[in-house]
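So our numbering is basically just the index in the sequence shown, starting at one, shifted up by 54.
Take the hints with a grain of salt, since some may be wrong.
What the hints assert, rightly or not - Think about it this way: if two alpha-carbon atoms lie no more than 16 Å apart in a straight line, the pair counts; the simulated EDC-like pairs of lysine to aspartate or glutamate are:
id: 1; residue 1: Lys230; residue 2: Asp301
id: 2; residue 1: Lys106; residue 2: Glu370
id: 3; residue 1: Lys230; residue 2: Asp158
id: 4; residue 1: Lys255; residue 2: Asp98
Just so you know, these hints were derived from the structure itself, not from any lab.
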Amino acid sequence: MSAATGTGTDTPAPWWRRPALRVWAGVAVAAVVLFGLAPALLSDFRLNLLAKFLCLAMVAVGIGLAWGRGGMLVLGQGVFFGIGGYLMAMHMKLSDAGPGGVPDFLLLYGDGVVPGWWEPLRSPVVTILAILVLPAGIAALLGLAVFRRRVRGAYFAILSQALAAAFAILLVGQQKVTGGTNGLNGFRSFFGYDLADPVNKRMLYFIAAGVLIAMVVTVRLLMGSRYGELLVAVRDQENRVRFLGYDPANVKVVAYAIAACFAGIGGALFAPVVGIISPADVGVIPSIGFLVGVAIGGRATLLGPVLGAVAVSWAETGLSEQFPSFWTYFQGALFILVVAFLPQGFASLGGLWRRRRGTSQDAPSDPPAGAGTSAVADAPPDDDDAQHAADAARTAGRHA
55 MSAATGTGTD TPAPWWRRPA LRVWAGVAVA AVVLFGLAPA LLSDFRLNLL
105 AKFLCLAMVA VGIGLAWGRG GMLVLGQGVF FGIGGYLMAM HMKLSDAGPG
155 GVPDFLLLYG DGVVPGWWEP LRSPVVTILA ILVLPAGIAA LLGLAVFRRR
205 VRGAYFAILS QALAAAFAIL LVGQQKVTGG TNGLNGFRSF FGYDLADPVN
255 KRMLYFIAAG VLIAMVVTVR LLMGSRYGEL LVAVRDQENR VRFLGYDPAN
305 VKVVAYAIAA CFAGIGGALF APVVGIISPA DVGVIPSIGF LVGVAIGGRA
355 TLLGPVLGAV AVSWAETGLS EQFPSFWTYF QGALFILVVA FLPQGFASLG
405 GLWRRRRGTS QDAPSDPPAG AGTSAVADAP PDDDDAQHAA DAARTAGRHA
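Please construct the entire structure, taking both the sequences and the accompanying hints into account.
Right, dumping it as structure tokens:
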């Protein structure tokens, strides 16, 4: 209370207590690390390895939107990752063969004739458009067919996982046009740039870093928009959203299509960065691996899926180098630990620490009458669940 006027004055919270500013500060720090520190400190080999992890993190960003905000347990993102990767690989094989040329593996496994549906991919513009549109379009059609029948939860997860298994089997069976179990590899150029040149390898890293940051910013803008609030409301109170006149299926389809588009872009950059794309990169196990990184990092946060995907991939590489047969056990134990004790991932540690610190420091030993209820009611939501509930309630109240 103000002594002069007797009216209340609101003291603005410091910037580190404001969720939006913390997010933008995190994005800025990530940009400095990716564009400044990493190229200066890492060798070319490690930098190329980080570029691979960033491609996987692109898939995680989409999963964070679809699963963390939309509640859709997507276990088949390897399908869209593979579509983007194979489209880019086909273009690079055709480019390496030259105008009118035939890729080497078609001479080895096939009849030496380029399939008709390969020919449009000789164009870089058509390839880029296909990478952006095809995964999102397939996800939209699948989502409309599934969500309009109100399929959700474990049933949707099983369906998406079965789709990933079927896609991997299809790639293996079509050896004459997809390379079979060997996949597509041996790329020499990327849109005219020699992939053997270390400078161009670094260029690929910077492209991956820039695309990843752009995806994070896009998801942040979506989360702060009315659509983002509506997506959370559909996750928490789907029947109420339907009662208010919205079609939850359309809301889910948009998030699912965006996640598929992000996965396709990640796969398209994965192919030139790693130098190979095969059924082993797009099946059930990789799809589950994408989900594990998101769950460990924190599926309901913005940067949690990215940090979780990069950290898990980096740990996998490091541990598999030292202990080749130990990594899978460590990954399983880490996932069980997070699910059992940190359901919101490691990103929730900050909120837990702040709440416990506030409880120990701010709670009076002998509170006055009525003070306890007011303190609880006026406390800002520190964790993501409380924030999501507030967003959903605000959306429902606005449109009721």
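(request) Report the numbers of all earlier hints that the structure fails to satisfy, in ascending order. (result) 1
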